[in-house]
Amino acid sequence: MKGVFMVKSVHLFRFKITPPDDVLLTDFHQHEQGSLFIPIFGNLSIHLEDHLFISPKGCSTWIPARTEHRAQAIGVAEGVKLFVNDKLHKLPDHPCSINITELSRALIKDLSSKDDKELNMSFQQMKIKVLIKELEQSIDFNPYSIALFKDHRIQFLHKEMMRAPEKKIPLKVWANQIGMSERNLSRLIKKDIGMTFSQWKNQLYMFLALKELLRGKSIQNISISLGYESDSSFIYQFKKTFGNSPMQYLKKQNEKYNIKLQHHKIIS
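Under full-length UniProt numbering, the letters of the sequence shown match residues 1 to 268, in that order.
Since the hints were made in silico from the structure, they are not lab data.
Hints are not guaranteed to be accurate.
Listed below are the simulated SDA-like cross-link pairs for lysine to any residue, each with C-alpha atoms no more than 25 Å apart in a straight line [what the hints assert, rightly or not]:
1) LYS167 x CYS96
2) LYS217 x GLY75
3) LYS150 x GLN30
4) LYS129 x LYS150
5) LYS167 x GLY179
6) LYS239 x ASN202
7) LYS16 x TYR249
8) LYS129 x LEU107
Here are the computed distance ranges between Cβ atoms for each label pair [stated by the list, open to error]:
9) LYS133 x GLU160: 36 to 46 Å
10) LYS191 x ILE139: 21 to 31 Å
11) THR101 x ARG183: 41 to 51 Å
12) SER233 x ASN99: 22 to 32 Å
13) ARG66 x LYS167: 36 to 46 Å
14) ASP86 x VAL130: 11 to 21 Å
15) GLN125 x LYS191: 43 to 53 Å
16) GLU166 x LYS133: 37 to 47 Å
17) GLY243 x GLU102: 17 to 27 Å
Using N, Cα and C, we set each Cβ at its ideal position, and we do this for glycine too.
Input sequences plus hints: build the corresponding full structure.
Encoded structure:
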């Protein structure tokens, strides 16, 4: 991944990941500037120490400066990445998802289609400022993220549940495994991640469901792998979380975010 251009303290990179290099994009690392991952085609998974994010086409992920992270492509992925100096934005000091609006898409398409020889730097700087302002107004709620437990006593819990979500082990059983009462474990979880175990569990299932849906798995396979009693109960929960059924979600995503970068100018 190489830089396309730099406008003062903003760097824009284009990337394209294709098989067999689509599994691991980076090792854990951090930057002195904040990072915006913006997939144009395909989807990304962003790993942090205490969160996992999915960055589907049409939704960017903001990683503040000096935050350990790594990025992973979900199949073939293509898009842009912005490095932004802290002084140039009012984006949050914590990672979050950011919707890509019509204006943001148009600016991204324009900026990513030019090389150094085509750039009017002052004009590009104005576009970058407008893009950042637009992103600042588009912070999303996070169905695209899942919190990971920070307390070392319960970190095994999210690892085991992500490994085998279909088992649906009750909280009481987990509590017994670590020699703690169910009530105390429930309190510890809420203190650690700011939500109840039930709320977190529902978020986890939807996070995993979206990731598998974007990988191309069928509704039936996803429903079974997550331990739902029926396809309809899975579809109901998905629609409750994302506002659309799984198939409607994919259809709208493909219709709404159909941006094509100029392939002959993509630097991989």
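Verification of the supplied hints:
With a C-alpha separation of about 30 Å, the suggested pair LYS167 and CYS96 falls outside the 25 Å cut-off, and the hint is violated. Our distance criterion of 25 Å between C-alpha atoms is met by LYS217 and GLY75, whose separation comes to about 12 Å. With a C-alpha separation of about 19 Å, the suggested pair LYS150 and GLN30 falls inside the 25 Å cut-off, and the hint holds. Note on LYS129 and LYS150: the hinted pairing is violated, with a Cα-Cα distance of about 36 Å set against a maximum of 25 Å.
For the suggested pair LYS167 and GLY179, the alpha carbons sit about 21 Å apart, so the restraint of at most 25 Å is met. As the CA atoms of LYS239 and ASN202 are separated by approximately 13 Å, the hinted pair is consistent with the 25 Å bound. For the given pair, LYS16 sits about 24 Å from TYR249 by alpha-carbon distance, which is consistent with the 25 Å threshold. For the hint pairing LYS129 with LEU107, the CA-to-CA distance comes to about 10 Å; that is within 25 Å, so the pair holds.
Under the hint 36 to 46 Å, the C-beta atoms of LYS133 and GLU160, about 43 Å apart, fit the expected range. Restraint check, LYS191 to ILE139: a C-beta distance of roughly 25 Å satisfies the suggested window 21 to 31 Å. In this structure, THR101 and ARG183 meet the distance hint of 41 to 51 Å, their C-beta atoms being roughly 45 Å apart. Restraint check, SER233 to ASN99: a C-beta distance of roughly 28 Å satisfies the suggested window 22 to 32 Å.
Here the CB-CB span from ARG66 to LYS167 is close to 37 Å, well matched to the stated 36 to 46 Å. Distance hint for ASP86 and VAL130: a CB-CB separation of about 19 Å, consistent with the stated range 11 to 21 Å. GLN125 and LYS191 have their C-beta atoms about 45 Å apart, which keeps the hinted 43 to 53 Å range intact. Against the hinted window of 37 to 47 Å, the Cβ-Cβ separation of GLU166 and LYS133 comes to about 44 Å, which satisfies the hint.
Take GLY243 and GLU102: their Cβ atoms lie about 18 Å apart, and the range 17 to 27 Å holds.
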